[in-house]
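A.B. asks: Each chain, written out:
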Amino acid sequence: MTFKHMKLALLAATMLGSAGTAMAEDVTLTIESWRNDDLPIWQEKLIPAFEASHPGIKVKFAPSAPTEYNAVLNSKLEAGTAGDLITCRPFDASLSLYNKGQLVAIQDLPNMKNFGDVAKAAWSTDDGSATFCVPMASVIHGFIYNAEIFEELGLEAPKTVDAFFALLDKIKEDGSYIPMAMGAKDQWEAATMGYTNIGPNYWKGEEGRLALIKGEQKLTDEDWVEPFRQLAKWAPYLGDGYEAQAYPDSQNLFTLGRAAIFPAGSWEISIFNEQADFKMGAFPPPVQKEGDTCYISDHTDIGIGMNAKGPNQEAAKTFLNWVGSAEFASLYANSLPGFFSLSNETVEMEDPLAKEFVSWRESCKSTIRPAHQILSRGTPNLWNEMWNVSANVLRGAQTPEEAGETLQKGLASWYEPQKQ
Amino acid sequence: MAAEQSTRPPIRWHIAVFLAPAVLIYTAIMILPLFNTLKLALYTDAQNAQVFIGLDNFRLLFGDERWSEQFWNALGNNVWFFIIHMLVQNPIGILLAALLSSPRLRMRAFYRTAIFIPTILSFVIAGFAWKLILSPLWGVAPNLLDFVGLKGLFQPWLGKEAYALTTLALISVWQFVGIPMMLIYAALLSIPDELLEAAECDGVTGMAQFWKIKLPLVLPAIGIISILTFVGNFNAFDLIYSTQGALAGPDFSTDILGTFLYRTFFGFQLQLGDPNLGAAIATAMFLIILIGVSIYLFGIQRRLRRYQF
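As you go down the protein sequences, you meet chains P and A in turn. Using full-length UniProt numbering, read the first sequence as starting at 1 and increasing by one per residue. Using full-length UniProt numbering, read the second sequence as starting at 1 and increasing by one per residue.
Check before you lean on any hint, since a few could be wrong.
[To be verified] List time: in silico DSS-like cross-link candidates among lysine-lysine, alpha-carbon distance up to 30 Å:
1) A:K39 to P:K233
2) P:K172 to A:K151
3) A:K131 to P:K100
4) P:K233 to P:K120
5) P:K170 to P:K309
6) P:K45 to P:K309
7) P:K172 to A:K160
8) A:K39 to P:K172
9) P:K172 to P:K279
10) P:K279 to P:K365
11) P:K45 to P:K100
12) P:K172 to P:K233
13) P:K409 to A:K160
14) P:K113 to P:K58
15) P:K355 to P:K120
16) P:K58 to A:K160
17) A:K151 to P:K170
18) P:K279 to P:K218
19) P:K233 to A:K212
20) P:K317 to P:K120
21) P:K100 to P:K113
22) P:K170 to A:K160
23) P:K355 to P:K204
[Said to hold, decoys possible] Incomplete in silico selection of chain A near chain P, CB under 7 Å:
24) R104
25) G152
26) P156
27) L270
Calculated directly from the structure, the hints in this document are not laboratory data. We put the beta carbon where it would ideally sit given N, CA and C, even for glycine.
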């Protein structure tokens, strides 16, 4: 039954895939991607810019639906019909392709020097010896606020946790707006925009994340439980019935001007720019005490690599090298505000909100979401469990300490360094 | 004809020929995949090759604390989902059918159609519509309750562990109550008038007539409905997936075997899919349904008394 469906899907994908690889005199590169939202940007801005400077190479952007991408790509790669360029999901999904010999190591491309280790980590082997995708963009977490409400109530973006809660109290006392738009129903909101948004300030970004991977820290440690305590304190400031509030509900509450603050990922910027007709501002996750180092979740989300069996290896390398250049970084970041280049080159951006987000890279230390590298390889899956317990904590169904214990118990059940 | 004169009866080829299309198609699209799924459950993926591991997947599923906990949780939720259907959907279906078959009812076709229409809606539409109705932010449910002064009763039902599964079961009841209604209605119509007239001559009328004459006559139909409900409920997936997502929140309180199977088989977010363990769950589901149907078939259906008119 289900197995049969898989077979049919594979068959269909293979046939569609082979129909796509038409050859012309020029070398034509096909890009496999899940970003079908970005089709116009590739066709109108990125590809023409590349083709103008690289005569003889044509590029075709061939995206599939985000939820189907991994399955479609895998079957195309197995059948040998995938395009020359492969858009890479971060971490294990791409690593398994590299281990199967379907992606090529590209750390020797000249422009790879433009990327730091954190940027490359998402597409490198565990020991860092090989990198197989060029990092394209990351998303940064923080809080977006309605600047008009802040002005009306005489509020200022908070720097510390105390100031943050004082601010929420003020909005709540005033009573005309919901202080913060967030729901527990879709679970990932609580984990992504809640726990891993504010958490890096407590587990000290990369330091805590790597210690967790090495087994030196546990999820029951104070540094990992305190963010849950903070999250639990948010509940009274959320809208009525937030337990059943879904992610689109939260977005609408904010863009309709009914909520003052939106715990956000930077990908919201382009959506909010379109839908909200008020001025917006943003502030990074508040620190515990004035003067503490701040940490932000600057999560590597999208990269691009090349198909090991693609017919046009040289042209593909040329393209990947171009993706690593400052020209691409600036084009991409400006066409898609909220998706930030991972390049060390300085990228000038025009969108004020995106500029605000990216400015935190200067003042704060970057880290990625803690569950994504290595720690989500086994079952139970740490990231899925984080969704669940974060939502539980937000709903008050689990105490922060219990949440930490659940996570630790699950991780320790399969991850060697955490077993003692 | 010559064939009739031979001593042996001729091979009746036409039977095989007429059966062939159905048998072949049924085998290709139902039986083979079923056995393939069973087979898949006995293998595991090691270095991109399928390796035979016997019953290890089942040992993991029932022996490992986490997997078995999830499995029993899903099964328990499934049973509750089924109980709600049996206690709410089917009695309401019978009641509606009895009302519809009342000779004094006007606009019968309208009611019949109106009650049946949700059944032909897609799960996704029903799920989405109810999600909106029950939304604490934009839904009409809080306002309607406010209207009758019962705002205090409103809860974000789909977001509370205690209520979410029951709420979903009731949504499903709303959607499918038309099916038992139609089947029972048809069964009630097929009761001959002579029988009812005879009952009236004997002084059995009204409610007594329903309980003593009509209900025993439609019992076989009720049995069929129960088994359809059972199979449908234990295969359910769409409604939960479309309203609560694959993680079946809050805190897995709405996780049923279908969503558990989906998460395991296809993976979810960073969790990579495990088709082999997924097939083991599918096999367990198949066995549960098989056992349930067998109990009904051998334990109940054979004892039902049927009446020839």
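A.B. asks: Evaluate each hint against the coordinates.
C.D. replies: Each hint tested on the structure:
no.: 1; hint: A:K39 to P:K233; in the structure: 50 Å, violated
no.: 2; hint: P:K172 to A:K151; in the structure: 22 Å, holds
no.: 3; hint: A:K131 to P:K100; in the structure: 43 Å, violated
no.: 4; hint: P:K233 to P:K120; in the structure: 35 Å, violated
no.: 5; hint: P:K170 to P:K309; in the structure: 60 Å, violated
no.: 6; hint: P:K45 to P:K309; in the structure: 28 Å, holds
no.: 7; hint: P:K172 to A:K160; in the structure: 24 Å, holds
no.: 8; hint: A:K39 to P:K172; in the structure: 59 Å, violated
no.: 9; hint: P:K172 to P:K279; in the structure: 21 Å, holds
no.: 10; hint: P:K279 to P:K365; in the structure: 27 Å, holds
no.: 11; hint: P:K45 to P:K100; in the structure: 33 Å, violated
no.: 12; hint: P:K172 to P:K233; in the structure: 14 Å, holds
no.: 13; hint: P:K409 to A:K160; in the structure: 25 Å, holds
no.: 14; hint: P:K113 to P:K58; in the structure: 26 Å, holds
no.: 15; hint: P:K355 to P:K120; in the structure: 23 Å, holds
no.: 16; hint: P:K58 to A:K160; in the structure: 54 Å, violated
no.: 17; hint: A:K151 to P:K170; in the structure: 27 Å, holds
no.: 18; hint: P:K279 to P:K218; in the structure: 41 Å, violated
no.: 19; hint: P:K233 to A:K212; in the structure: 61 Å, violated
no.: 20; hint: P:K317 to P:K120; in the structure: 17 Å, holds
no.: 21; hint: P:K100 to P:K113; in the structure: 26 Å, holds
no.: 22; hint: P:K170 to A:K160; in the structure: 28 Å, holds
no.: 23; hint: P:K355 to P:K204; in the structure: 24 Å, holds
no.: 24; hint: R104; in the structure: 43 Å, violated
no.: 25; hint: G152; in the structure: 13 Å, violated
no.: 26; hint: P156; in the structure: 3 Å, holds
no.: 27; hint: L270; in the structure: 4 Å, holds
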